[in-house]
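Asks: Letter by letter, the chains look like this.
Number of protein chains: 2
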Amino acid sequence: MYRSHTNGELRIEHVNQEVSLSGWVQKSRDLGGMTFVDLRDRYGITQLAFNEEINSSLSDSARKLGREFVIQIKGTVKERSSKNKNIATGEIEIEVTELIVLNESKTPPFTIEDKTDGGDELRMKYRYLDLRRNPVKENLMLRHKIGLATRNYMNNLDFLEIETPFLIKSTPEGARDFVVPSRMNEGQFYALPQSPQTFKQLLMVSGYDRYFQIVKCFRDEDLRADRQPEFTQIDCEMAFVEQEDILQTFEGLIQYLFSEVLKVTLPDVKRMTYVDAMKNYGSDKPDIRFDMKFKYLTELVKGKDFKIFDEAEEIIAINVEGGNKLTRKEIDKITDYVKTPQVGAKGLIYCRVNEDGTLKSSVDKFYNQDELAKWVSTCDSKPGDLIFLLSGDTIKAQSQMNDLRLHMGTMMELRDGKTFAPLWVLDFPLLEWDEDSNRFHAMHHPFTSPKKEDFDLLESDPGKVRANAYDLVINGVEIGGGSIRIHDRDIQSRMFDLLGFTKEEAEAQFGFLMSAFEYGAPPHGGIAFGFDRICSIFGGSESIRDYIAFPKNNSGRDVMIDAPANVDDAQLDELGLKLDISLEK
Amino acid sequence: MYRSHTNGELRIEHVNQEVSLSGWVQKSRDLGGMTFVDLRDRYGITQLAFNEEINSSLSDSARKLGREFVIQIKGTVKERSSKNKNIATGEIEIEVTELIVLNESKTPPFTIEDKTDGGDELRMKYRYLDLRRNPVKENLMLRHKIGLATRNYMNNLDFLEIETPFLIKSTPEGARDFVVPSRMNEGQFYALPQSPQTFKQLLMVSGYDRYFQIVKCFRDEDLRADRQPEFTQIDCEMAFVEQEDILQTFEGLIQYLFSEVLKVTLPDVKRMTYVDAMKNYGSDKPDIRFDMKFKYLTELVKGKDFKIFDEAEEIIAINVEGGNKLTRKEIDKITDYVKTPQVGAKGLIYCRVNEDGTLKSSVDKFYNQDELAKWVSTCDSKPGDLIFLLSGDTIKAQSQMNDLRLHMGTMMELRDGKTFAPLWVLDFPLLEWDEDSNRFHAMHHPFTSPKKEDFDLLESDPGKVRANAYDLVINGVEIGGGSIRIHDRDIQSRMFDLLGFTKEEAEAQFGFLMSAFEYGAPPHGGIAFGFDRICSIFGGSESIRDYIAFPKNNSGRDVMIDAPANVDDAQLDELGLKLDISLEK
Numbered sequence: 001m002y003r004s005h006t007n008g009e010l011r012i013e014h015v016n017q018e019v020s021l022s023g024w025v026q027k028s029r030d031l032g033g034m035t036f037v038d039l040r041d042r043y044g045i046t047q048l049a050f051n052e053e054i055n056s057s058l059s060d061s062a063r064k065l066g067r068e069f070v071i072q073i074k075g076t077v078k079e080r081s082s083k084n085k086n087i088a089t090g091e092i093e094i095e096v097t098e099l100i101v102l103n104e105s106k107t108p109p110f111t112i113e114d115k116t117d118g119g120d121e122l123r124m125k126y127r128y129l130d131l132r133r134n135p136v137k138e139n140l141m142l143r144h145k146i147g148l149a150t151r152n153y154m155n156n157l158d159f160l161e162i163e164t165p166f167l168i169k170s171t172p173e174g175a176r177d178f179v180v181p182s183r184m185n186e187g188q189f190y191a192l193p194q195s196p197q198t199f200k201q202l203l204m205v206s207g208y209d210r211y212f213q214i215v216k217c218f219r220d221e222d223l224r225a226d227r228q229p230e231f232t233q234i235d236c237e238m239a240f241v242e243q244e245d246i247l248q249t250f251e252g253l254i255q256y257l258f259s260e261v262l263k264v265t266l267p268d269v270k271r272m273t274y275v276d277a278m279k280n281y282g283s284d285k286p287d288i289r290f291d292m293k294f295k296y297l298t299e300l301v302k303g304k305d306f307k308i309f310d311e312a313e314e315i316i317a318i319n320v321e322g323g324n325k326l327t328r329k330e331i332d333k334i335t336d337y338v339k340t341p342q343v344g345a346k347g348l349i350y351c352r353v354n355e356d357g358t359l360k361s362s363v364d365k366f367y368n369q370d371e372l373a374k375w376v377s378t379c380d381s382k383p384g385d386l387i388f389l390l391s392g393d394t395i396k397a398q399s400q401m402n403d404l405r406l407h408m409g410t411m412m413e414l415r416d417g418k419t420f421a422p423l424w425v426l427d428f429p430l431l432e433w434d435e436d437s438n439r440f441h442a443m444h445h446p447f448t449s450p451k452k453e454d455f456d457l458l459e460s461d462p463g464k465v466r467a468n469a470y471d472l473v474i475n476g477v478e479i480g481g482g483s484i485r486i487h488d489r490d491i492q493s494r495m496f497d498l499l500g501f502t503k504e505e506a507e508a509q510f511g512f513l514m515s516a517f518e519y520g521a522p523p524h525g526g527i528a529f530g531f532d533r534i535c536s537i538f539g540g541s542e543s544i545r546d547y548i549a550f551p552k553n554n555s556g557r558d559v560m561i562d563a564p565a566n567v568d569d570a571q572l573d574e575l576g577l578k579l580d581i582s583l584e585k
Numbered sequence: 001m002y003r004s005h006t007n008g009e010l011r012i013e014h015v016n017q018e019v020s021l022s023g024w025v026q027k028s029r030d031l032g033g034m035t036f037v038d039l040r041d042r043y044g045i046t047q048l049a050f051n052e053e054i055n056s057s058l059s060d061s062a063r064k065l066g067r068e069f070v071i072q073i074k075g076t077v078k079e080r081s082s083k084n085k086n087i088a089t090g091e092i093e094i095e096v097t098e099l100i101v102l103n104e105s106k107t108p109p110f111t112i113e114d115k116t117d118g119g120d121e122l123r124m125k126y127r128y129l130d131l132r133r134n135p136v137k138e139n140l141m142l143r144h145k146i147g148l149a150t151r152n153y154m155n156n157l158d159f160l161e162i163e164t165p166f167l168i169k170s171t172p173e174g175a176r177d178f179v180v181p182s183r184m185n186e187g188q189f190y191a192l193p194q195s196p197q198t199f200k201q202l203l204m205v206s207g208y209d210r211y212f213q214i215v216k217c218f219r220d221e222d223l224r225a226d227r228q229p230e231f232t233q234i235d236c237e238m239a240f241v242e243q244e245d246i247l248q249t250f251e252g253l254i255q256y257l258f259s260e261v262l263k264v265t266l267p268d269v270k271r272m273t274y275v276d277a278m279k280n281y282g283s284d285k286p287d288i289r290f291d292m293k294f295k296y297l298t299e300l301v302k303g304k305d306f307k308i309f310d311e312a313e314e315i316i317a318i319n320v321e322g323g324n325k326l327t328r329k330e331i332d333k334i335t336d337y338v339k340t341p342q343v344g345a346k347g348l349i350y351c352r353v354n355e356d357g358t359l360k361s362s363v364d365k366f367y368n369q370d371e372l373a374k375w376v377s378t379c380d381s382k383p384g385d386l387i388f389l390l391s392g393d394t395i396k397a398q399s400q401m402n403d404l405r406l407h408m409g410t411m412m413e414l415r416d417g418k419t420f421a422p423l424w425v426l427d428f429p430l431l432e433w434d435e436d437s438n439r440f441h442a443m444h445h446p447f448t449s450p451k452k453e454d455f456d457l458l459e460s461d462p463g464k465v466r467a468n469a470y471d472l473v474i475n476g477v478e479i480g481g482g483s484i485r486i487h488d489r490d491i492q493s494r495m496f497d498l499l500g501f502t503k504e505e506a507e508a509q510f511g512f513l514m515s516a517f518e519y520g521a522p523p524h525g526g527i528a529f530g531f532d533r534i535c536s537i538f539g540g541s542e543s544i545r546d547y548i549a550f551p552k553n554n555s556g557r558d559v560m561i562d563a564p565a566n567v568d569d570a571q572l573d574e575l576g577l578k579l580d581i582s583l584e585k
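Residue numbers (the working numbering), protein chains in the order written: chain E, 1 to 585; chain H, 1 to 585.
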């Protein structure tokens, strides 16, 4: 062992002990007679002292140490004359008697500090240096803790972690699969799993009534800032349960993780139907840390010769508490925001509720004080508030108002990173109509069961059928979602019909599952959590990438190892493949 | 919830409680007035009783239940009149008051019993039914326990579990990679990792001085009975350590697992050099549950006109204690065994040590009693023993004698499934010469460090260089292996030279690692355990397949889901690929 202690370990009670330490040179200060070196490892920083008068050649060597050199030292723990209260080892330093350079270092391309001078690309290329920085290290340690706590919670509830295969079969439903050519079965391909869905359901058929797995999943999607081609799920399934059992078990998990890892007592998980979430927040994952619910003013504002409102399907308002303090300039900026392409509104109407009770709107030409007063009462606005209105097609207006509401939440400091507001969104629609393919898609996935009371609608009005599906949302972020599954061959088969599968397609792709349902499949359901996402919520960050040791960039590349890359022709030949790249694409 | 209790839970103290249970019908017995049903779930079996006299329609329904039907019942716990001591719930039964069939079942294609009538192929096709059987269930539960215990042990030692990427870069060194075509980077490929080797080394460079991961790995090899294209490793790495630190940390892990999971106190882990292992056992993974070391009789037996011995490079003997009780017929069978193609010996010579001290060999024509007496003393044989001799080229003879030794160990019942004999094999050669490619290959992998004292041999006699490499062997099975790594760019570069890489190839494939070594890489080393293999050793089985929920067959196929499979032309087109299958291959 190259050390007797770590660099986070030594305290005043170790004074006069002989120790050996190893680590990286964080920085060194040459004060003439004394040279001080901060030695860093995963556990902390310890100050090394080299005294010119005691050992001048050792002092010379110390002066030559560069940033990020790896060294090993021996020495004696001494009490510091000037203590540093900011670090755990700040009361002591090491009077060094022996110094060995284990490895030198070139000057890193960016500083290894909490606030680094390195840009994104550079840090990704030298990810192994970026990983040395404290904030990144803390993210990975947080991830480790959440993983371990999850496993212990699940184990205590008799859940078994069972590994499901990675080399499975491609299915056209849902997102695009990554495929893996098979050499032993030339011309055929495995697919990497988008989730262990069918396998966990088979495990239920097999009687493993409480399954979970923390597992990598893969989706070949065009990447947005917050997506990765490989990501990690906490994947769970239970048999002999109803929706309520799942909700209770897994709000228990989340509460346990918050208390165990963050020492935070999570409030009770609220519940809301999908329909209410869309109506009140314009989103199926509302951030309920703040209220600011949608008010529908459509009836109220039409017929006053204001063409924009008269032509709109819906006019939606939100009340911004204390918003009247916003300046004209600030409101203009907000208007600019809603007009950006990612929000897509045509304009923004507002009405100030002045402290003296007078009302001032941007559409005073069309609405008098009495009429505006009705807005105020519908919106429950008080003096000092500000009302915003957006109009248009219902779905678009709801979506735009959702963006504006979140924007105002941030602006009014209602979205505190230390407050957590968990929410179950329930009763999702079973199907959604896809204009492109002119058919229904499964909103959750094809294995989700319809609600019994909506069964009749499957024939008459499939779009109206509600599913036994639920999402867990925290602070406006969906961290998990699941459903009670179909466990009956006939219903599963009918579901595939609805989704436009021929009998043959359904059999070819999911025959094994439907066959399993004929041999005693129990009622079952489950949920999958985005593990990267949970880590980012716990860490208070927007980006999952910060919680992944070696993430890919937006083109799906690992710029550090430079992958993907070309492969030998011989390798392709063995797989029975030829490149066929069209320049037009 | 479809149940108040599981089927393994109810005891005499629950008598008179109203309960609800769910599960599968294991079997039912119609005794006229009474019908008994064994209800099974993961936790056990509970007997249900239906009394014709109390409720005849319920009894009728019970009679119609088929094997593997999924049912839910309500009823009252009663003390049984005739108790069953073989099951935990054997003192009670349920007097059923309500019966719901949750799902029917076709008759399974094989019996769901400990000893099933289903063949391998059938059980794999209906793996979800095979998984219902007790022995398979116990294997998966064992696997779960070992995984959890590993994680807790590692966490207690400050190891962090850090996930490394699955979509990486193909490297020609070692086994064949599975590759994954990239749609976003057309014409380029990811590779699935054969191990997280380079990533865990980068984590050491990053300062995460104690890393582990239980992780899937992939190798596209022609499969032997005991290999799977995807398998699981317990992958570990430490910085600032020497070989001794690794050995102690991980024999600690194994001892902990044995004590925690099997309640077995593992004996101290013995140590042996590679050279001694080859010399004494003809194997780098000797089963040391029994002795039967090799004796080299070459000098002793040559020059007596026995041509086979005279022409052999080496003549090796083992002494089988008590082997003289074997009949002529049994010895003939053993001779047949060593002549099978997988062993490959030409013949087998023996010498009986009779109880009266006389010696009887199969080559009495060439060797008199005095000469045979020298064999006996060299082999430390006692009356009642039997000596076997094999001859030929040293390496072949050692390998054949290894097979024979293990065979005799089994035959003499020296390989008890409840005895565990762990062993570190140390000082492996760094390189091995490959006749096919006419160059050196890395025996462990190209990142393994040569022993300092053998450094000079790197130029003069590379084949003689020993590595800081070690394997952990239990009962003749390698369960883990690792090494102290190179952490110096120049030595790593020299290693790639030795392995026949051009500078350009080394840079293209491992430039990121060599570059990382220039920014302060600490000394480090690690080990990887075969998780599937550890499970099989713990479970007392020869085959890892029994410990994998959904294994592949020897052609790399999952016969249940029927993968790999064809993919759409459109999918290939998106990937810039075309099939190019030659019929000659």
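It is possible that part of the hints are untrue.
Chain copies aren't distinguished; within one or between two, either way the pair holds.
[Claimed, not checked] As a list, the in silico DSSO-like pairs of lysine-lysine whose alpha-carbon atoms are at most 30 Å apart:
1. K216 / K145
2. K451 / K106
3. K137 / K216
4. K106 / K216
5. K125 / K503
6. K346 / K78
7. K125 / K216
8. K216 / K333
9. K106 / K452
10. K365 / K115
11. K216 / K578
Just so you know, the hints here were simulated from the structure itself, not pulled from any lab data. This one's a predicted model, so the numbers in the text were calculated from it and none came from an experiment.
Asks: Now, for every hint given, state plainly whether the structure supports it.
Replies: Structure-based check of each hint:
1. K216 / K145: Both ways: K216 and K145 sit 17 Å apart in one copy and 21 Å across, limit 30 Å.
2. K451 / K106: between (63 Å within a copy, 26 Å between copies)
3. K137 / K216: both (21 Å within a copy, 24 Å between copies)
4. K106 / K216: neither (35 Å within a copy, 35 Å between copies)
5. K125 / K503: Answer is between: at 21 Å across copies they meet the 30 Å cutoff, but 49 Å inside does not.
6. K346 / K78: Close neither inside one copy (69 Å) nor across copies (73 Å); limit 30 Å.
7. K125 / K216: both (23 Å within a copy, 25 Å between copies)
8. K216 / K333: neither (42 Å within a copy, 50 Å between copies)
9. K106 / K452: between (67 Å within a copy, 25 Å between copies)
10. K365 / K115: neither (52 Å within a copy, 87 Å between copies)
11. K216 / K578: For K216 and K578, both the intra-copy (29 Å) and inter-copy (28 Å) Cα distances are at most 30 Å.
Figure legend: structure checked against the earlier numbered hints; hints not met, in rising order: 4, 6, 8, 10.
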